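Asker: Residue numbers (my numbering), protein chains in the order written: chain A, 1 to 89; chain B, 1 to 278.
A couple of the hints might just be wrong.
Unchecked claim - According to the in silico footprint, chain A covers these stretches of chain B (three or more CB under 8 Å from chain A):
{"id": "1", "stretch": "23-36"}
{"id": "2", "stretch": "261-273"}
Claimed, not checked - A few chain B residues that don't get close to chain A, going by computed Cβ distances all over 10 Å:
{"id": "3", "residue": "D8"}
{"id": "4", "residue": "G49"}
{"id": "5", "residue": "N61"}
{"id": "6", "residue": "E63"}
{"id": "7", "residue": "T94"}
{"id": "8", "residue": "A96"}
{"id": "9", "residue": "L100"}
{"id": "10", "residue": "H140"}
{"id": "11", "residue": "A167"}
{"id": "12", "residue": "D168"}
{"id": "13", "residue": "R191"}
{"id": "14", "residue": "E202"}
{"id": "15", "residue": "E246"}
{"id": "16", "residue": "Q250"}
Just so you know, these hints were derived from the structure itself, not from any lab.
None of these values were measured; they are calculated from a predicted model.
Beta carbons are placed, not taken as given, at the ideal position from N, Cα and C, and that holds for glycine.
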Amino acid sequence: MAERCQHLDYRREGDGKAFEVARAYCTVADRFVQPVTADICNARYDLDPTEHCEIYLDHHGVDGEESAGGTSDSDSVGDGEDGRKGSDP
Amino acid sequence: MTYDDYLDGKPVVVTAALTGGIHGKEANPNLPETPEEIAEAAAACEAAGASVLHLHAREANGERAFSTERFQTVTDAVRAATDDVIVQHSTGGTGAPTELRAEPLRTDPAPDMASLDMGPMNRGQHLTSENTRATVAALHEEMRERGIKPEVEVFNDGHLNEVLAVADDLAAPPSITLILGPGTLSVPSPRSLLHLVDHLPEGAEFTTLGFGRHQLPLTTLSVLLGGHVRVGLEDNVYYRRGELAESNAQLVERAVRIVEEFGRPLATTDEAREILGV
Chain A
1 MAERCQHLDY RREGDGKAFE VARAYCTVAD RFVQPVTADI CNARYDLDPT EHCEIYLDHH
61 GVDGEESAGG TSDSDSVGDG EDGRKGSDP
Chain B
1 MTYDDYLDGK PVVVTAALTG GIHGKEANPN LPETPEEIAE AAAACEAAGA SVLHLHAREA
61 NGERAFSTER FQTVTDAVRA ATDDVIVQHS TGGTGAPTEL RAEPLRTDPA PDMASLDMGP
121 MNRGQHLTSE NTRATVAALH EEMRERGIKP EVEVFNDGHL NEVLAVADDL AAPPSITLIL
181 GPGTLSVPSP RSLLHLVDHL PEGAEFTTLG FGRHQLPLTT LSVLLGGHVR VGLEDNVYYR
241 RGELAESNAQ LVERAVRIVE EFGRPLATTD EAREILGV
């Protein structure tokens, strides 16, 4: 069973943002992560940060094909070059 | 639905997707996450002209929630804050098991509508929202048992094949949301939307959902093509390039202005129920 990511922290402040309730924060990317990414960080639903998180894979040199700037948070339906945002519609 | 529907002044149903399950306040601090915030946004969108509210639930820290209990809290708050809207629950959930994704169908009362994703969608380099045929069938069956109208979500034109394969099983008229954006979604362009509309099942009603900067032009085109529209912070956190949207209602208000400028009436909730077969 996958374990919670070693780079996950819960913070109320960081990355120039502040929240009333502590949120998932990636200490590698130095920013708050999207809620869907937090499920990967927490290894929920058979998700595994060592398999599914591009930040983790890039940081640990596992993902040789990772392109510059690619993270779990700026994925195929996330922020694009044109500011597109997406979801599980 | 055709251009004739535009010429005939068919009412437009505006759906507001308030919250979503992917990004949160880290992307736009105006995105509602708590039940109270979602209810407040719901009331504002209803006042602005939305007749369908597409809902997701969150935990207190903004993370995704799928439980019936959490959806119950959200839907109760929304129903209390609004006068008469069509409540639509999401069953989407990248990575989440089917059993968990069915929980939003089990609130009391059941939602009027619920999303039914017709196939897979890639997310980043290592994740796919699978939506196998077995998952689609299981969710659809539970919707039928509970009298919930499916909001059939078509991520790309291949998913239209999937819709056509089950069209006879869908409650009439099929209510289909055409989704255009990056990645494995339909290519976001006017020509792409025309192609999708040309291949809809007979008698289907369609709603256009364009991600990000595609939301405004494709909303406009949908109005011209006799379709309906979906806007909101789930799909687009910007009002214009580099400027975050102030609220869901701000996006609804813009869509309503477009609808009215082009001479189509805005559907009341009663009209929306009749048009969508809810």
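Asker: Beyond 10 Å from every Cβ of chain A: is that where the Cβ of B:H140 lies?
Answerer: holds (17 Å)
Asker: Beyond 10 Å from every chain A Cβ: check whether that's true for B:Q250.
Answerer: Its Cβ never comes within 10 Å of chain A, the nearest being 15 Å, so this holds.
Asker: Beyond 10 Å on every Cβ pair: is that true for B:A167 relative to chain A?
Answerer: holds (21 Å)
Asker: Verify that the Cβ of B:L100 lies farther than 10 Å from every Cβ atom of chain A, and report whether the claim holds or is violated.
Answerer: The claim breaks: B:L100 does not keep its Cβ more than 10 Å from every Cβ of chain A (closest is about 7 Å).
Asker: Minimum Cβ separation between B:T94 and chain A greater than 10 Å?
Answerer: Contrary to the label, B:T94 does not stay out of reach of chain A, its closest Cβ about 6 Å off (not over 10 Å).
Asker: Please settle this one: B:A96 was flagged as non-interface, so is its CB more than 10 Å from every CB on chain A?
Answerer: violated (5 Å)
Asker: Is the claim that B:E246 lies outside the interface with chain A correct, judged by CB distances over 10 Å?
Answerer: holds (15 Å)
Asker: Just checking, B:R191 versus chain A, shortest CB gap more than 10 Å?
Answerer: Nearest chain A Cβ is 18 Å from B:R191, so the label holds.
Asker: Mind checking, does the stretch 23-36 of chain B have 3 or more residues with a CB under 8 Å from chain A?
Answerer: holds (count 6)
Asker: Since B:E63 was said not to touch the interface, does its Cβ keep a gap of more than 10 Å from each Cβ of chain A?
Answerer: violated (5 Å)
Asker: Does the stretch 261-273 of chain B contain three or more residues whose Cβ lies closer than 8 Å to a Cβ of chain A?
Answerer: Not satisfied, violated; 0 residues make the cut.
Asker: Mind verifying the non-interface call on B:D8? Its CB should be farther than 10 Å from each CB in chain A.
Answerer: Holds, since 29 Å exceeds 10 Å.
The structure does not agree with the numbered hints 2, 5, 6, 7, 8 and 9 stated previously, though it agrees with the rest.
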